[in-house]
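Asker: So the chains spell out like this:
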Amino acid sequence: MMCEKCKWFFPFEDDQTRGDCVNRVVDQRQGYWKAKPKDAGEDASKCPNFQVKGS
Amino acid sequence: MVAALRKEEVERLEKEGAWWWLAEKRRSKRLDYLRKAVWKKGALGGEYAPGIKVNLERSILFTESWKQNEHDPRMIRKAKALSSVLDNMTIFITDHAQLVGYIGGDAPNKIEWYCDGASMINEEIYNEHGIIPDPEEESLKTMAEICDYWAGRTSVDMLARIIDPEDAVKFLSGAIGWGTPTSAFGYSGKNYEYWLTGERGFEDIIAEIDRKIAEAEEKTTGTPGPDILPLYDKIQNWEAMKMMLEAVIRYARRYARLARIVAENFETDPKRREELLRVAETCERVPAKPQRNLQESFQYDHFVQVVARIETYEGAWPARPDYYHGPWYDKDVNIDKRLTREEAMDLVGEFLIRAFESGGFAPRWAREGLQGITGTWVWTIGGVKKDGSDACNDLTTALMRAARLVRVSNPTLSLRWHPEVEDEVMREAYECIRQGLGYPNIRHDPIMVANTMHWYGHPLEEARTWVNQACMSPCPTTKHGVQPMRMASATANTAKMMEYALFNGYDPVLKMQMGPESGDARNFKTYEELYEAWKKQMKWMMNLLVRTVNLGRAKDPEFFSRPFLSATYERSVESGTDAVSPEGERGNAWVTFFTWVENIDSLAAVKKLVFEEKKYTMAQLVDALETNWEGREEMRLDFVKNAPKWGNDDDYVDQVMVQCLKDVAKHSWEIKDPSGNPWPALPENVSGNIHYSNMVGALPNGRRLGDALYDGGISPGPGLDKKGPTAVLKSCSKFDHATDGRAFLLNQRLSPAQLQGEKGYELWKNYIKTWADLGLNHVQFNVVDDKTLRAAQREPENYQELIVRVAGYSAHFVDISRKTQDNIIQRTVQGLGC
Chain S
5 MMCEKCKWFF
15 PFEDDQTRGD
25 CVNRVVDQRQ
35 GYWKAKPKDA
45 GEDASKCPNF
55 QVKGS
Chain F
449 MVAALRKEEV
459 ERLEKEGAWW
469 WLAEKRRSKR
479 LDYLRKAVWK
489 KGALGGEYAP
499 GIKVNLERSI
509 LFTESWKQNE
519 HDPRMIRKAK
529 ALSSVLDNMT
539 IFITDHAQLV
549 GYIGGDAPNK
559 IEWYCDGASM
569 INEEIYNEHG
579 IIPDPEEESL
589 KTMAEICDYW
599 AGRTSVDMLA
609 RIIDPEDAVK
619 FLSGAIGWGT
629 PTSAFGYSGK
639 NYEYWLTGER
649 GFEDIIAEID
659 RKIAEAEEKT
669 TGTPGPDILP
679 LYDKIQNWEA
689 MKMMLEAVIR
699 YARRYARLAR
709 IVAENFETDP
719 KRREELLRVA
729 ETCERVPAKP
739 QRNLQESFQY
749 DHFVQVVARI
759 ETYEGAWPAR
769 PDYYHGPWYD
779 KDVNIDKRLT
789 REEAMDLVGE
799 FLIRAFESGG
809 FAPRWAREGL
819 QGITGTWVWT
829 IGGVKKDGSD
839 ACNDLTTALM
849 RAARLVRVSN
859 PTLSLRWHPE
869 VEDEVMREAY
879 ECIRQGLGYP
889 NIRHDPIMVA
899 NTMHWYGHPL
909 EEARTWVNQA
919 CMSPCPTTKH
929 GVQPMRMASA
939 TANTAKMMEY
949 ALFNGYDPVL
959 KMQMGPESGD
969 ARNFKTYEEL
979 YEAWKKQMKW
989 MMNLLVRTVN
999 LGRAKDPEFF
1009 SRPFLSATYE
1019 RSVESGTDAV
1029 SPEGERGNAW
1039 VTFFTWVENI
1049 DSLAAVKKLV
1059 FEEKKYTMAQ
1069 LVDALETNWE
1079 GREEMRLDFV
1089 KNAPKWGNDD
1099 DYVDQVMVQC
1109 LKDVAKHSWE
1119 IKDPSGNPWP
1129 ALPENVSGNI
1139 HYSNMVGALP
1149 NGRRLGDALY
1159 DGGISPGPGL
1169 DKKGPTAVLK
1179 SCSKFDHATD
1189 GRAFLLNQRL
1199 SPAQLQGEKG
1209 YELWKNYIKT
1219 WADLGLNHVQ
1229 FNVVDDKTLR
1239 AAQREPENYQ
1249 ELIVRVAGYS
1259 AHFVDISRKT
1269 QDNIIQRTVQ
1279 GLGC
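Residue numbers (my numbering), protein chains in the order written: chain S, 5 to 59; chain F, 449 to 1282.
Incorrect hints may appear among the rest.
Below, a list of computed lysine-lysine pairs in the DSBU-like style, where the Cα atoms sit at most 35 Å apart [to be verified]:
#1 S:11 with F:501
#2 F:515 with S:9
#3 S:40 with F:719
#4 F:1062 with F:1089
#5 F:1110 with S:40
#6 S:40 with F:484
#7 S:57 with S:9
#8 S:38 with F:515
#9 S:38 with F:1089
#10 F:1213 with F:834
#11 F:834 with F:1110
Since the hints were made in silico from the structure, they are not lab data.
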């Protein structure tokens, strides 16, 4: 299970080995979208947000 | 669209003075959402609110890079570390936001941690309860590793190794001043004239740097000689600046990318999708290229502010938003009409909220001295252009209307008053004050321009660009006028001057010798002897604090450095020097004087009751003070009630103020900053009057150890000004506000009942006219009645947006300690027209 297989992973246009992991968060005060750069090949087996692309 | 308010409801809320409820009903849905979305970062009476956590990302990424590049010159090493942070940190976009960029990490409830600043602050963060992010055990392990790495390596650690040990001990005692002598914890002016005028984006600055490097490299590969040697370091500095600019362009475009991803993949509301695409377009454009509209102008400015605060802790936010963004407001709203006034108001209100939500971890002494806020964001509006003509524009008034809608305690506004300010602007200022914001404060522009020219020789045109560097001190935004570093450690707890004069330099609270020996006050036979002792302590205190700051300043390029700030400073780009180097700067240093009027009232009391009326001997007085007036309440009350007090137009005590300020000003010219400029004094307080209340002992003005000190600047002691507001102004007018110091803070409290209708406006306007005619430089107002304040103490949940002016800043009343709240309630309510 790697990040690049996740529906929340968006590869960079100029470097497909890296991309943004985008997540939606709603806390007590606000909703927001966040992004953090990840390697496409990073192990996502322990990631609670992992969802297979297309699911 | 805001639902139409029933007239009766509006009248009821106005009559009750419930401005915060009215604001909630009047602001747009977007502003209401964004306002309520904010996690307050200011400490509540010194403690962080539940849910606030410290951000670890910056420290993790910064430290990782720092370790990898240990052989690089400092500026390059710093630029690489900051670039790594900007490239890899989590970013987020809040729902309904049109402006992006956040200081403090991966979530809106986080505050920033600057691990490279001071080990003692790193230790404090590690041990602070409640702010360690989950999972706590794992976070503490990570923090311990980071703290261990930086122990001995931070900017303050390095400074501590070379500072005079006696100076260090006395400074660190916390008794005579506060702050840290490094730009790791200070605040910087911004050279807006260089990058925010619409003529220059970061790509233009990169092109300038490339030209500089090319010219330098031609020389360094040419004929050898001593003149080419400095160029090697300069080339490194330029490379570092360029690296930062490129990193910030990438950072901005990360937001563009995220906005597009959300718009194209997740957002179902077509209007919000359009907004996100506009956010994307904005972030693609700025700061790489100059702005073309209001949203881009605000966003450009905000990106620079955010990155400057990722680079270091900034305890203030010098800005002149109407002057620099006003032309874009005019273009969008009035000329091109691409924005309605309501749409523009959403942007203006959000611009205020974005500043309000920012904050870094502050050590406890700073939290107690700045209760409820994370720093003094005082935005300067109004004033004049460089040619002397009125600078007010539509955005000047829009900012004040937005302030009334969003009711943030930070930023506050500071109106540069001059004789040509139009009535419309004054009415907006009046409405803000009447509705209890505590701002704008009013500054006398001609006096402040003259002041800036007098102390540092800034030319007239440059002086006219001035902004509040923090709460009060004017600083130009120009190439040689802008100040990159204002370290809070040139802040003096001046009540100690009086205490040490009475106890021969000994601190009776700390129980150690602090100041020089100035004579056993029990043996003083004349007032002049006491005054000479006071002058000796005054000079000693100013000297010690300024020595510390000067050293910190001179060593800052070596011990800290600021590649990003340098990239936005014209003189740095031109010369290839670090912005924090004193080279090329015209100077803007000052010593903040906390707890100042205690000196005046105390000296006057001793002069009268001991030396003139001979009611008491000096020995009796010193004995009484040494025992905190114990068993001598009648004597204490004599000193409270029967000695003249400042603020009553009484020459007896007012001339003591005049003499003290003259002697301080004289000494200010004798002590120099690293560029050879003077260090004038600036009496004001923030909430230092509460923070120091347990550190200053009994004094001849009648105070006991533990009593709140006066609220600061040249404000009379609470309840001690008994002759009305004009008498206060007249007292304050007896010295020269341009030449006798840097600036002088005056708090005044007005009655809401008086400020009603047209009559209220006329009363206030006449007051301002008197203030201006008498030549005062500053005044600020609290307009809230005791009943409301007491109700807020009982039911804080119903008064979350009630704001008070503390001193050099405003705070939400519910965010300050009970002692500070009571101190504000005690302030005299002035009756205008009396």
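Asker: Now, for every hint given, state plainly whether the structure supports it.
Answerer: Hint check:
Note on residue 11 (chain S) and residue 501 (chain F): the hinted pairing holds, with a Cα-Cα distance of about 29 Å set against a maximum of 35 Å. Restraint check: the Cα-Cα separation between residue 515 (chain F) and residue 9 (chain S) comes to about 33 Å, which is no more than 35 Å; the hinted pair holds. With a C-alpha separation of about 26 Å, the suggested pair residue 40 (chain S) and residue 719 (chain F) falls inside the 35 Å cut-off, and the hint holds. For the proposed pair residue 1062 (chain F) and residue 1089 (chain F), the alpha carbon gap of about 16 Å is at most 35 Å, so the pair holds.
Between residue 1110 (chain F) and residue 40 (chain S), the direct Cα distance comes to roughly 57 Å. Violation of the 35 Å bound is thereby established for this hinted pair. Distance restraint check for residue 40 (chain S) and residue 484 (chain F): the Cα-Cα separation of roughly 25 Å lies within the 35 Å cut-off, and the hinted pair is therefore satisfied. Only pairs whose Cα atoms come within 35 Å are accepted, and residue 57 (chain S) paired with residue 9 (chain S) is accepted, the gap being roughly 6 Å. A distance of roughly 28 Å separates the Cα atoms of residue 38 (chain S) and residue 515 (chain F); the hinted pair therefore holds under the 35 Å criterion.
Between the alpha carbons of residue 38 (chain S) and residue 1089 (chain F) the distance comes to roughly 61 Å, so the proposed pair goes past 35 Å and is violated. A distance of roughly 26 Å separates the Cα atoms of residue 1213 (chain F) and residue 834 (chain F); the hinted pair therefore holds under the 35 Å criterion. A threshold of 35 Å between alpha carbons decides the hint, and for residue 834 (chain F) with residue 1110 (chain F) the separation of about 31 Å falls inside it, so the pair holds.
Violated hints for the displayed structure, listed by number in ascending order: 5, 9.
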